[in-house]
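Visitor: Chains as they are written, first to last, in the numbering used here: chain V, 937 to 1164; chain D, 275 to 461.
Read the hints as simulated data drawn from the structure, not as lab findings.
The reader is advised that the hints may include incorrect statements.
Claimed, not checked - Just a sample of chain V residues kept apart from chain D, beta carbon distances all over 10 angstroms, derived:
| id | residue |
| --- | --- |
| 1 | SER946 |
| 2 | SER953 |
| 3 | GLY963 |
| 4 | THR968 |
| 5 | THR984 |
| 6 | TYR1007 |
| 7 | GLU1028 |
| 8 | HIS1065 |
| 9 | LYS1086 |
| 10 | PRO1089 |
| 11 | ASP1100 |
| 12 | SER1104 |
| 13 | ASN1110 |
| 14 | PHE1134 |
| 15 | ASN1138 |
Stated by the list, open to error - Taking CB as the label site, the calculated pair distances span:
| id | chain 1 | residue 1 | chain 2 | residue 2 | range |
| --- | --- | --- | --- | --- | --- |
| 16 | D | ASN350 | V | LYS996 | 45 to 51 angstroms |
| 17 | D | ASP399 | V | THR974 | 26 to 32 angstroms |
| 18 | V | SER988 | D | ASN350 | 26 to 32 angstroms |
| 19 | D | GLY305 | V | ARG1130 | 44 to 50 angstroms |
| 20 | D | ASP450 | V | PHE1090 | 21 to 27 angstroms |
| 21 | V | LYS965 | D | ILE452 | 35 to 41 angstroms |
| 22 | D | PRO396 | V | PHE1114 | 33 to 39 angstroms |
| 23 | V | SER1099 | D | GLN303 | 57 to 63 angstroms |
| 24 | D | VAL336 | V | PHE1090 | 33 to 39 angstroms |
| 25 | V | LYS1152 | D | THR430 | 23 to 29 angstroms |
| 26 | D | MET310 | V | LYS1092 | 50 to 56 angstroms |
| 27 | V | LYS980 | D | GLY305 | 44 to 50 angstroms |
Unchecked claim - If the Cβ cut is set under 10 angstroms, some of the chain D residues that face chain V in the computed set are:
| id | residue |
| --- | --- |
| 28 | GLY305 |
| 29 | MET349 |
| 30 | ILE361 |
| 31 | GLN364 |
| 32 | PHE365 |
| 33 | PRO367 |
| 34 | PRO378 |
| 35 | THR400 |
| 36 | GLN403 |
| 37 | GLN404 |
| 38 | SER414 |
By construction, the Cβ of each residue, glycine as well, lies at the ideal position given by its N, Cα and C atoms.
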Amino acid sequence: MKNVVLVSASPKINEQSVSQQFLQMAGSKIDTTEFNKTFIDVRKSMTTHNLSEDFETLSKADAIIISFPLYVFCMPGILTRFLVDYYNYFTESGNARNNVKVYAIVNCGFPEPEINLEAVRVIKSFSQHINAAFRFGVLIGGGPMMFAAKDAPFMKKAVQKLSDAFLSIVADINNENFTEMASIKIGVNFPFSRRLYFFMGNRGWISMARKNGLQKKDLYKKPYRLNP
Amino acid sequence: MKALLISDQEYQTKTYQVLNDLTSTFLKQKGFETEMLELGAENLTFCKGCFGCWIKKPGECVINDQMTQINRSYMNSDLVVYLSPIIFGQFSPNIKNTMDRRIPNILPFFETRPDGSTMHPPRYDTYPQQIIIGYGDMVSEEDKQLFIDVTKKHRTNIEVLIYQEAAENIIEETLDKIELGRVGGMI
């Protein structure tokens, strides 16, 4: 039975992240009668000092699926640290399988999925460094809003695309093909304009700030500049 | 003129030492008062994605560690130079941490860039010119290109150099061509 390890790398503490929800959605497509399925949460792994155990799990994987949010046009620092430490573990222990397949699921708040491409390329580079085969990425634009509105009728098409993309991962794990495949891009396909998407997003920030007792003008403060 | 030189304690290779010397000498010759920051993993915690810097204490990171001082130094410099090891085609964990935790310096809102892509608008009118110098002794061509794309593809007003042992004069020659001072808001 093949081992599939699903890695969630959202830095958020004590709240369920969008990345984790996408990963669970992907994980739900994996049949446990066919695969051993293990989840790793990078933040928990690092804060509870559970790294050795999780690295051992990773080293026994036949397939690794890594889901994370885009941070400043690339992967979050916490995931960078985790992958560098795993690479060091990998090179020191020599304890890894051949023909491991790696997949990336990257989501961002911006509506266009293409912005995630460089982060996916970093996962590809990591795969090459651990002698694994990078297969493809699932690039998701408008991730937080997509998940929040997933049950709305206008979201049906995007949710179907997500489901198909995750099923493609499962099918590929079982496949003997190791030629890299093209990434899958899933953007926000709202029945309204980009302008309205921005308006709703921007209003959301103001509304959240108001709940913290702030006014709209407070969002524009410039605390760090001594001589503006 | 003030410069901030940020580097990573974990990757102080021979290449790094040469690079650090060349860069700091260059900045001194150009008349910069340079603050040197060598970051270790213990200096900074990770961004936790709480958005407190946008909706609780706008413009300030809510985590109380060295990043407060780094952000203050960053915003009050004319030039910021990062010396970053190239790891999997991007920044090292410590350098990436400082990048993630610079988001207090932009606004949360969405705007469209002239090229049609989305961005967060600037919080301040001007920012320091940024130069990212990537280094490594065994970096593949693919990873070098990725480092350039990660750095430049979605940003303006930023320069990137890749430094390898055989090209010592690249620092002075290339830095000489860059306008070393504060730049306009779009990032």
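Visitor: Determine for every hint whether it applies to the structure shown.
Guide: We went through each hint and held it up to the structure:
Residue placement check: SER946 (chain V) does not keep its beta carbon more than 10 angstroms from all beta carbons of chain D (closest about 7 angstroms). Not every C-beta of chain D lies more than 10 angstroms from that of SER953 (chain V), the closest at about 7 angstroms, which undercuts listing it as non-interface. Listed as outside the interface, GLY963 (chain V) is consistent with that label: its C-beta sits roughly 21 angstroms from the nearest C-beta of chain D, beyond the 10 angstroms cut-off. For THR968 (chain V), the condition that its CB be more than 10 angstroms from all CB atoms of chain D holds, with the nearest at approximately 30 angstroms.
Every CB of chain D is more than 10 angstroms from the CB of THR984 (chain V) (nearest about 15 angstroms), matching its label as outside the interface. Non-interface call for TYR1007 (chain V) relative to chain D: violated, since the shortest CB-CB distance, roughly 5 angstroms, does not exceed 10 angstroms. With 10 angstroms as the threshold on Cβ separation, the claim that GLU1028 (chain V) sits away from chain D holds: the shortest Cβ distance comes to roughly 16 angstroms. For HIS1065 (chain V), the condition that its CB be more than 10 angstroms from all CB atoms of chain D is violated, with the nearest at approximately 6 angstroms.
Non-interface status of LYS1086 (chain V) relative to chain D is upheld: no Cβ of that chain comes within 10 angstroms, the nearest being about 20 angstroms off. Listed as outside the interface, PRO1089 (chain V) is consistent with that label: its C-beta sits roughly 24 angstroms from the nearest C-beta of chain D, beyond the 10 angstroms cut-off. With a minimum CB-CB distance of about 25 angstroms to chain D, ASP1100 (chain V) clears the 10 angstroms threshold, and the non-interface call stands. Distance check on SER1104 (chain V): its Cβ is at least 24 angstroms (rounded) from any Cβ of chain D, clearing the 10 angstroms threshold; non-interface status holds.
Non-interface call for ASN1110 (chain V) relative to chain D: holds, since the shortest CB-CB distance, roughly 27 angstroms, exceeds 10 angstroms. With 10 angstroms as the threshold on Cβ separation, the claim that PHE1134 (chain V) sits away from chain D is violated: the shortest Cβ distance comes to roughly 4 angstroms. With a least beta-carbon separation of about 5 angstroms from chain D, ASN1138 (chain V) fails to lie farther than 10 angstroms from that chain, contradicting its non-interface assignment. At about 50 angstroms, the beta-carbon gap between ASN350 (chain D) and LYS996 (chain V) stays in the expected band of 45 to 51 angstroms.
For ASP399 (chain D) and THR974 (chain V), the hinted distance range of 26 to 32 angstroms is not satisfied, since their beta carbons lie about 50 angstroms from each other. Look at SER988 (chain V) against ASN350 (chain D): about 42 angstroms separates their beta carbons, and that is not inside 26 to 32 angstroms. For GLY305 (chain D) and ARG1130 (chain V), the hinted distance range of 44 to 50 angstroms is satisfied, since their beta carbons lie about 46 angstroms from each other. Hint check: ASP450 (chain D) to PHE1090 (chain V), Cβ distance near 54 angstroms, so the stated range 21 to 27 angstroms is violated.
Checking the proposed 35 to 41 angstroms range against LYS965 (chain V) and ILE452 (chain D) shows it is violated: the Cβ atoms sit about 49 angstroms from each other. A hinted range of 33 to 39 angstroms is violated for the C-beta pair PRO396 (chain D) and PHE1114 (chain V), which are about 45 angstroms apart. Between SER1099 (chain V) and GLN303 (chain D) the CB atoms are about 60 angstroms apart, so this pair conforms to the stated range of 57 to 63 angstroms. Roughly 35 angstroms separates the CB atoms of VAL336 (chain D) and PHE1090 (chain V), a value that falls within the hinted 33 to 39 angstroms.
Distance hint check for LYS1152 (chain V) and THR430 (chain D): the Cβ-Cβ separation is about 27 angstroms, which falls inside the suggested range of 23 to 29 angstroms. At roughly 55 angstroms, the beta-carbon separation of MET310 (chain D) and LYS1092 (chain V) lies within the given 50 to 56 angstroms, and the hint holds. Our hint of 44 to 50 angstroms for LYS980 (chain V) and GLY305 (chain D) holds, since their Cβ atoms are close to 49 angstroms apart. A hinted interface residue such as GLY305 (chain D) counts as satisfied when its beta carbon comes closer than 10 angstroms to some beta carbon of chain V; here the least separation is about 19 angstroms, so the hint is violated.
Checking MET349 (chain D) against chain V: minimum C-beta separation of about 4 angstroms stays under 10 angstroms; hint holds. Checking ILE361 (chain D) against chain V: minimum C-beta separation of about 6 angstroms stays under 10 angstroms; hint holds. The restraint placing GLN364 (chain D) at the interface with chain V holds, with a minimum CB-CB distance near 5 angstroms, inside the 10 angstroms limit. Here the hint on PHE365 (chain D) is kept, as its CB sits about 7 angstroms from the closest CB of chain V, short of 10 angstroms.
A distance limit of 10 angstroms between C-beta atoms decides the matter here; for PRO367 (chain D) the minimum to chain V is near 4 angstroms, and the interface restraint holds. At a threshold of 10 angstroms, the smallest CB-CB gap from PRO378 (chain D) to chain V is about 7 angstroms, leaving the interface hint in force. Given the 10 angstroms rule on beta carbons, the hint for THR400 (chain D) holds: about 9 angstroms separates it from the nearest Cβ of chain V. Interface restraint check for GLN403 (chain D): the shortest CB-CB distance to chain V comes to about 16 angstroms, outside 10 angstroms, so the restraint is violated.
Annotation: GLN404 (chain D) was flagged as interfacial toward chain V, and the flag is violated, the nearest CB pair being 12 angstroms apart, outside 10 angstroms. The interface hint given for SER414 (chain D) is met, as the beta carbon of that residue sits about 8 angstroms from the closest beta carbon of chain V, less than 10 angstroms.
Of the numbered hints listed earlier, those contradicted by the structure are 1, 2, 6, 8, 14, 15, 17, 18, 20, 21, 22, 28, 36, 37.
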